[in-house]
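> Given chain P's structure and the hints, the job is docking chain Y onto it.
Read top to bottom, the protein sequences are chains P and Y. Be aware that the first sequence starts at 32, since it is given in the numbering used here, and climbs by one per residue. Be aware that the second sequence starts at -3, since it is given in the numbering used here, and climbs by one per residue.
The hints are simulated quantities; they were obtained by calculation from the structure and are not laboratory data. Some clues are possibly wrong.
[To be verified] If you want a taste of the chain Y side facing chain P, the calculated C-beta under 10 Å gives, among others:
1. D26
2. D59
3. E73
4. K74
5. A78
6. L86
7. G87
8. L89
9. N101
In this text, a Cβ means the ideal position worked out from N, Cα and C, and glycines have one as well.
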Amino acid sequence: MFGAGIIVFRETLEAALFVGIIAASTRGLVNRSHTLSLGVALGALGSLLLASMMGQISEWAEGIGQEIVDAGILTIALAMLAWHCIWVSNNAQRMVQEARQIGSATAQGHQTLWALAIVVALSVLREGAETVLFVSGLMAGATMSTGELISSAIAGVALGIGAGWLVYAGLGFIKTSRLFEITNVLILLLAGSLASQIAKTANQADWISVFGEQAWDVSSLIPNDSVVAMVLHGILGFDVSPTQLQVIFYMVAICLIWIAARQMKLHYSVLGS
Amino acid sequence: MRHTSSKLLTIALAFTVTNFFAASTAVAADLELALVIKNHMFEPSELKVPANQRIKLNIQNLDKTAEEFESHSMKKEKVIPAGGRAVIFLGPLKPGSYEFIGEFNPKTAKGVVIAE
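The following block holds chain P by itself, in its conformation from the complex:
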């Protein structure tokens, strides 16, 4: 019973950390809670649908349908995060000013909020579908009573959400003037992490078979299954034992977004002067 709760916790944790960071980064935006909650709800609904379709998806493209779906989800999420980073670097100052003056940023943040809500939905969708499959497997397995099953699943989800809330609350201690700088860095790292997961998917599906060797392996210090490893991965996108391709994707994504954000900023400052 305890084991089942832990597995659910593990599946929930990463999405919850993700949502925690995104919620902190959008503090003060009008309709933030509604929009992000809608993202979570749609992601949860979608995960039921995705889980129910997994049998068919798996058969697509000679057995690599899941990678196609995964790569699609990850790419859209990455594009949204990239767009957010670029947007914020142009508007951070204004957001901070408005947040100070009237306690909330105006409709300016509307578009980026939607982009982030989509990211939240996709993150919940991905992790949620696995959780649904796991729990439905337990239900069919009949090794646990329904009561035990439901309580351990709820405990697992609650623990995961608790961890996400901790991150959100922790970031809440940061002054508004610095908050967006920090969350923007975190979101940039999350974008890198998504790119790294795309690399992993591409190797698994045989789209890219080069650079599959391990770049480093510190799993003897930080076991892959440990909460520390999961938190490092969930918050900083740090992988305990990545392949070379994952590291390349991570770096390239971060550099490209950073350069794009800088270019836009220069562009606008020239226009503005």
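Chain Y alone, transformed into the frame defined by chain P:
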């Protein structure tokens, strides 16, 4: 003279390119292995594979519940639906042993890939 050498170069290039593609298709025609999930266990639980070669792993899940194939050392993670099948590409692996588990039944579903 210059003409001939450039012609020779073209032929040499074409030859290299053809060879390269021939080599990569030879690699693409991967070694295929089958893995079955039954009663929340992998069969066989030990897969011997040649090192430094790409391997196509065909996994079939005979159970009525989904399983997640997971290997940290090989960087793989994939759900195998109840009664379904899926393909995972492995390697090229350096000689050594690489553990994998079924994340949904980690106590029973264990296996190892041995590359030699």
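> Next step is simple, just say for each hint if it's right about the structure.
Status of the hints after comparison with the structure:
{"no.": "1", "hint": "D26", "result": "8 Å, holds"}
{"no.": "2", "hint": "D59", "result": "8 Å, holds"}
{"no.": "3", "hint": "E73", "result": "8 Å, holds"}
{"no.": "4", "hint": "K74", "result": "6 Å, holds"}
{"no.": "5", "hint": "A78", "result": "7 Å, holds"}
{"no.": "6", "hint": "L86", "result": "9 Å, holds"}
{"no.": "7", "hint": "G87", "result": "7 Å, holds"}
{"no.": "8", "hint": "L89", "result": "9 Å, holds"}
{"no.": "9", "hint": "N101", "result": "8 Å, holds"}
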